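Asker: As you go down the protein sequences, you meet chains A and B in turn. Per the working numbering, the very first residue in the first sequence carries number 1; after that it's consecutive. Per the working numbering, the very first residue in the second sequence carries number 1001; after that it's consecutive.
Hints in this document: simulated from the structure, not taken from any laboratory. None of these values were measured; they are calculated from a predicted model. A virtual CB, placed ideally from N, CA and C, is assigned to each residue, including glycine. Mixed in with the good hints there might be a few duds.
Claimed, not checked - Between beta-carbon pairs, the in silico distance windows are:
1. A:Gly-265 x B:Ala-1242: 25 to 35 Å
2. B:Gly-1153 x A:Ala-71: 25 to 35 Å
3. B:Lys-1030 x A:Lys-267: 54 to 64 Å
4. A:Gly-137 x B:Val-1201: 29 to 39 Å
5. A:Ala-211 x B:Val-1184: 26 to 36 Å
6. B:Asp-1210 x A:Asp-153: 44 to 54 Å
7. B:Gly-1153 x A:Ala-76: 34 to 44 Å
8. A:Ala-151 x B:Glu-1202: 50 to 60 Å
9. A:Gly-154 x B:Asp-1237: 29 to 39 Å
10. B:Glu-1091 x A:Gly-137: 40 to 50 Å
11. A:Asp-116 x B:Glu-1091: 37 to 47 Å
12. B:Val-1017 x A:Ala-71: 24 to 34 Å
13. B:Glu-1023 x A:Thr-172: 41 to 51 Å
14. B:Thr-1149 x A:Ala-163: 46 to 56 Å
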Amino acid sequence: MNSAQSWIVVADDTAASGLVDLARSVGDEVVAVVAGRREVASSLASAVDRVLWLGEPDQAPVEAYGPAVAAVVAQATPRTVIGATSPGGRALLGAVAAALRVPVLAGVSALEADGDQVVVTRSVLGGIAEHRTAVQGGTTVVAVDPGGAVAGDGDLAPLEELAVTPLAATVTEVRPAAVAGADLGGARTVVGVGRGLKAREDVALVSDLAAALGGELACSRPLAEGVDWLPKERYIGISGQHIAPDLYLALGISGQLQHMVGVRGAKVIVAVNSDKNAPVFSQCDFGVVGDMYEVVPALTAALGTGS
Amino acid sequence: MKIVVAYKWAPNPQDAVVATTGEVDLSRAKPAVSEYDPVAFELARRLADATGGEVVGLTVGGPSIDTPLSRKAALSRGLDRLVVVADAELEDADGTRIATVLAAAVRAIGDVDLVLAGDSSIDVAQGQVPLTLAGVLGWLGLAAVSAVTAADGGLVVERSLPGGTTVVAVPTPAVLAATADAVVPRVAGMKDILGAAKKPVEVLDLAALDVPAPGATLATLATAKPAGGERTATIFDGSSPAGAAAQLVGALRQAGAL
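Please take these sequences and the hints and turn them into a complete structure.
Answerer: See below:
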């Protein structure tokens, strides 16, 4: 195994700073293998030590490069391989993991190298627990959030173009998304409602508050999947959305770990609940112990009058 | 068209109890066909009916995945037959190990045109196993599939990607992982549940599948309950709603959150 090297596999996306930063944390030499357009490969040239480019994909989907990426990586057997959690990123990592017969670990927050072994700190089971896991006897393969655009100030690494043949598949059409749905991930303020809500028509009570705050409406799992009062893409929790807004309001939400892992990154958390012993009150910054049917309209009114 | 649906019989971590040490107790979480897998069953059934094909369910894991209840739960969702690999050695196996065994089972089933899977499992929730399976088989693997139809010599696949809807012409064989809302799966009726008991189930022996040994092992060094969950709250008394609201708005303004 080549202990000095960390490889990143890049699936046609210039947002790869998360991959580069993590690779640098455990490798003296960072090698990028890029399945995608030349501009993606070029964007990495100042941030990594070597760039291996598999050529213009033309109409081939990035996933068609899985076997080619796997062959290149397997030949080098680096200590660490890092890719993105995007569909294309996971496909490339899947091919690499299959070739090396090693697991793909996700939810990774840190890597520590120790000889041939790498210790991975990661969240498991959708974030309800954290593990420190040692990968022993083989390459450590991890999937992480791709981060933002790569900012490099190093010397420009030359593009090393490799001639490979992708699997047969052709992208025949791309229809840009018309209007995006709920953008919970990008919202500064999110108002979440849970089982404290008694009827579907009462959703208006909460959406009025969300409107007064200029925020997005969200919910805990039972409202999206148990009773279907709000669409699934607005559900926050371990198998739903994970968000980090400036302000999150948990209304009628008891504060089960399974919901709260989805909002842990929020700067300020407010809870409104009638049960003063609800676990949410030990996980928030401000709390109101009271009936949400009285407190929520009062809040909407207080915001509206600017008092 | 011969379609395999690779699915998982898994507990829902929603019902897990997490100790302060980070140890997860899943004993109260009842296992079921994983949340998003019925979407794959439905896509497979529709495609098989349109092309005059067969739908084979496939699941691998520890011994607990093969019970009369788990068989019925899968077979009542539009499958023609079921193939199971249940072995103590696969209890808590990592995703690549599972994908490697799935691949061996797909080869044993033979002449498979398409493997369909759900978006991600309810417990591990990485969306990785179908794509690793594609890697082991050397086939094209695509996730985020919102629709699939048969075309001359292959498939027309629609994908829901951040840049928009992408249409891909895909030759078979291939592995596709559906989005969670690609289709609305049918609800199994009494007739489906009764009919499930008559459908064939084949149990494959792990040892006979000749699965290559893993290239690395995982050792858990420590577990922890995620940090950052605890916050110290300023609590307002909501018995006077207007008063509490005014206090809260004031506090949020002061904290710069409004």
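Asker: For Gly-154 (chain A) and Asp-1237 (chain B), compare the CB-CB distance with the range 29 to 39 Å and indicate the outcome.
Answerer: violated (58 Å)
Asker: Quick one: are Glu-1091 (chain B) and Gly-137 (chain A) within 40 to 50 Å, going by C-beta?
Answerer: Hint violated: Cβ distance 20 Å, outside 40 to 50 Å.
Asker: Do Val-1017 (chain B) and Ala-71 (chain A) keep their Cβ atoms within the hinted range of 24 to 34 Å?
Answerer: Given about 44 Å between the Cβ atoms, the range is violated.
Asker: Indicate whether the distance between the beta carbons of Gly-1153 (chain B) and Ala-71 (chain A) respects the range 25 to 35 Å.
Answerer: holds (26 Å)
Asker: Gly-137 (chain A) and Val-1201 (chain B), beta-carbon distance inside 29 to 39 Å?
Answerer: holds (36 Å)
Asker: For the hint 37 to 47 Å, verify it against the beta carbon of Asp-116 (chain A) and that of Glu-1091 (chain B).
Answerer: Given about 27 Å between the Cβ atoms, the range is violated.
Asker: Tell me if the beta carbons of Lys-1030 (chain B) and Lys-267 (chain A) are separated by a distance inside 54 to 64 Å.
Answerer: violated (37 Å)
Asker: Is the gap between the beta carbons of Ala-151 (chain A) and Glu-1202 (chain B) within 50 to 60 Å?
Answerer: Taking Cβ atoms as reference, Ala-151 (chain A) and Glu-1202 (chain B) lie about 54 Å apart, which means the hint holds.
Asker: Within 26 to 36 Å: is that where the Cβ-Cβ distance between Ala-211 (chain A) and Val-1184 (chain B) falls?
Answerer: holds (30 Å)
Asker: Holds or violated: 34 to 44 Å for the Cβ distance of Gly-1153 (chain B) and Ala-76 (chain A)?
Answerer: Between Gly-1153 (chain B) and Ala-76 (chain A), where Cβ atoms are some 36 Å apart, the hint holds.
Asker: Given the hint of 44 to 54 Å, is the C-beta distance from Asp-1210 (chain B) to Asp-153 (chain A) inside that range or not?
Answerer: For Asp-153 (chain A) against Asp-1210 (chain B), whose Cβ atoms are near 51 Å apart, the range 44 to 54 Å holds.
Asker: Between Thr-1149 (chain B) and Ala-163 (chain A), does the C-beta distance stay in 46 to 56 Å?
Answerer: violated (34 Å)
Hints 3, 9, 10, 11, 12, 14 from the earlier list are contradicted by this structure; the remaining hints agree with it.
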